[in-house]
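Asks: These protein sequence lines are chains A and B, in that order.
So the first sequence is numbered by full-length UniProt numbering: it starts at 1 and just counts up by one.
So the second sequence is numbered by full-length UniProt numbering: it starts at 1 and just counts up by one.
There could be a bad hint or two in this list.
[Said to hold, decoys possible] Listed next, the in silico DSBU-like pairs over lysine-lysine satisfying Cα-Cα at most 30 Å (straight line): (1) A:K208 to A:K118; (2) B:K8 to A:K117; (3) B:K8 to A:K118; (4) B:K8 to A:K208; (5) A:K118 to A:K192; (6) A:K192 to B:K174; (7) B:K4 to A:K118; (8) B:K290 to A:K118; (9) A:K192 to A:K117; (10) A:K202 to B:K174; (11) A:K192 to B:K8; (12) B:K174 to B:K290; (13) B:K93 to A:K5; (14) A:K208 to A:K117; (15) A:K208 to B:K4; (16) A:K302 to A:K192; (17) B:K93 to A:K22; (18) A:K202 to B:K8; (19) A:K302 to B:K93; (20) B:K4 to A:K117; (21) A:K208 to B:K2; (22) A:K7 to B:K174; (23) A:K117 to B:K290; (24) A:K22 to B:K174; (25) B:K93 to A:K202; (26) B:K4 to A:K192.
[Said to hold, decoys possible] Far from chain A, some chain B residues (derived; all Cβ distances over 10 Å): (27) V37; (28) A206; (29) I209.
Source of the hints: derived by calculation from the structure; they are not laboratory data.
Using N, Cα and C, we set each Cβ at its ideal position, and we do this for glycine too.
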Amino acid sequence: MDPIKEKIQSSSRETRQDFIGKLITYTCIGLIVLVVLSIFVFVASKGLATFFVNKANFWDFLTGKNWNPSMLDAKGKPMLGALPMITGSFGVTILAALFATPFAIGTALYMTEISSKKGERILQSVIELLVGIPSVVYGFIGLSVIVPLVRNHIGGSGYGILSGSFVLFVMVLPTVTSMTVDSLRAVPRFYKEASLALGATKWQTIYKVILRSSTSGILTAIIFGMARAFGEALAVQMVIGNAAVMPTSLLSSASTLTSVLTMGIGNTVMGTVANNALWSLALILLLMSLFFNIVVRLIGRKGRM
Amino acid sequence: MKTKIQNKIAINIIRIIAGLVVIILLFLLGDILIAGVPHISWHFLTAASQSFESGGGIGVQLFNSIYLLILTLIISFPISLGAGIFLSEYAPKNIVTSIVRMAIEVLSSLPSVVVGLFGFLLFVVQLQMGFSILSGAIALTFFNLPLLTRNIEESLRAVPNLQREAGMSLGLSKWRTVTRIVLPEALPGIVTGVVLGAGRVFGEAAALIYTAGQSATNINFGNWNPFNAASPLNLMRPAETLAVHIWKINSEGVMPDASAVSAGASAVLIIVVLLFNIFARIIGNSLYRKLTATK
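Isolated chain A (complex conformation) (with noise of 0.2 Å):
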């Protein structure tokens, strides 16, 4: 065949790299998106199990207030009421962004609009090493400081609901306030400028014009940590008592869905309507995490408009 006729019909070198490129990055992400279809179609297929093999209610396993998997109620049907681990995950999810929201705002505005630019520095490195710390030595410091403190101030044998949402509180902190920071640094300098040359005062400038313009980004942080603080596991199960009761109060043991899962699923057979029920847990912490992402993509376009 003649060598320019062969030239020009097959493809040159530089379209058969394109090609493998184009292959290597096309699988790359297709097996990320496999692997998260793949965590969802496992966690559901195990979590409705418990409604379609073992015929649970679906409303009496969020509604129940009895937990005792392996126990047959009046009606000969497994207890598995998820309640008390249901309003144990809200409690101290809610209670930590509760307590975070106002130090986190509080420090953000410090850094951005008082302190000095060493001092923010500062600050600033601090924060970033404490968004690294392992959720583990959190926990630790929970059982070792804030448990005691509890006990020894305020009442009850120091686990419980309080002490968890503590250690939340100390772990999301960091998180919310370097995310908050960000939010109010992308607040325009002429915003501020234009409010101070109309002789607003610095709180009146923060608080009228700086917040406002930020106030989607900061929801965000929030909802951020709030989503981290619920599917947080080890640091809440060490110090929140782990019983698998309706709490009485914030200082009485209580659980988690996390706490819960990370106790139960080495203790209990595959395939058993106990270890099906904790599957269902999963798969509750599952459509959370979700539900957070849908609600700051939601905060996130209508803070667009």
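We have chain A already, so just place chain B on it with the hints.
Replies: Chain B alone, transformed into the frame defined by chain A:
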């Protein structure tokens, strides 16, 4: 006058809040470091752990943590590099890409227990790999992938488009432009991200409890054949990491000096994270200087 007083009060309240945060965090960190650092010794860092007696070390756990981290990086870096290149260079602007992006975001916000349980179900139970370093490394990969991918994508995006246009106009293929021109320029950012991510992987425990297991088997540091059951390099042995160790001795409570050992181990973890942070900055800066010829 009233607004001025208000201003003063509000600013001082903000100062007090920031001061309180610094005091709380320093108090908690200081407590751990003061309790833990005196416990760190060469013996503590290298000796095997004890279950029922005091005086145990964290040698095996420390080795397991490092080995697991290296394996995780070996598995997750190439995948996230490919995915990052896809997202910044090849991804078409359509609904599929936005679904892919959403999937990565969801993966990054999944609770690490759920990731660990999935690893347990798929690798430990279904594929019958048992509690092993390999199962643990794969679970940590799931945990690390979204963070690394986003970091690589952002670093690549920060490279000016002029560089890509220059490569294309020289007749290079897009793939070559990316790997030979764009990637080297993005390297400092990527390396910083990898090292910071490594710090997070090093301290992760929840995803490992049911994948890499909670037992530190006796390993023989004289035997480096990866196929021998007692070898440190064996991929199929159960491996308790440092973070898992802290959790386990605190929740089982049979070790007499559990709190001293966990304080020491926590201090080691904090110091390692600190080192990772410093390294990330130093390596990133020096690579940047080397590759861009700036002073």
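Asks: Hint by hint, work out which the structure violates, then give me just those numbers in ascending order.
Replies: 6, 10, 13, 25, 28 and 29
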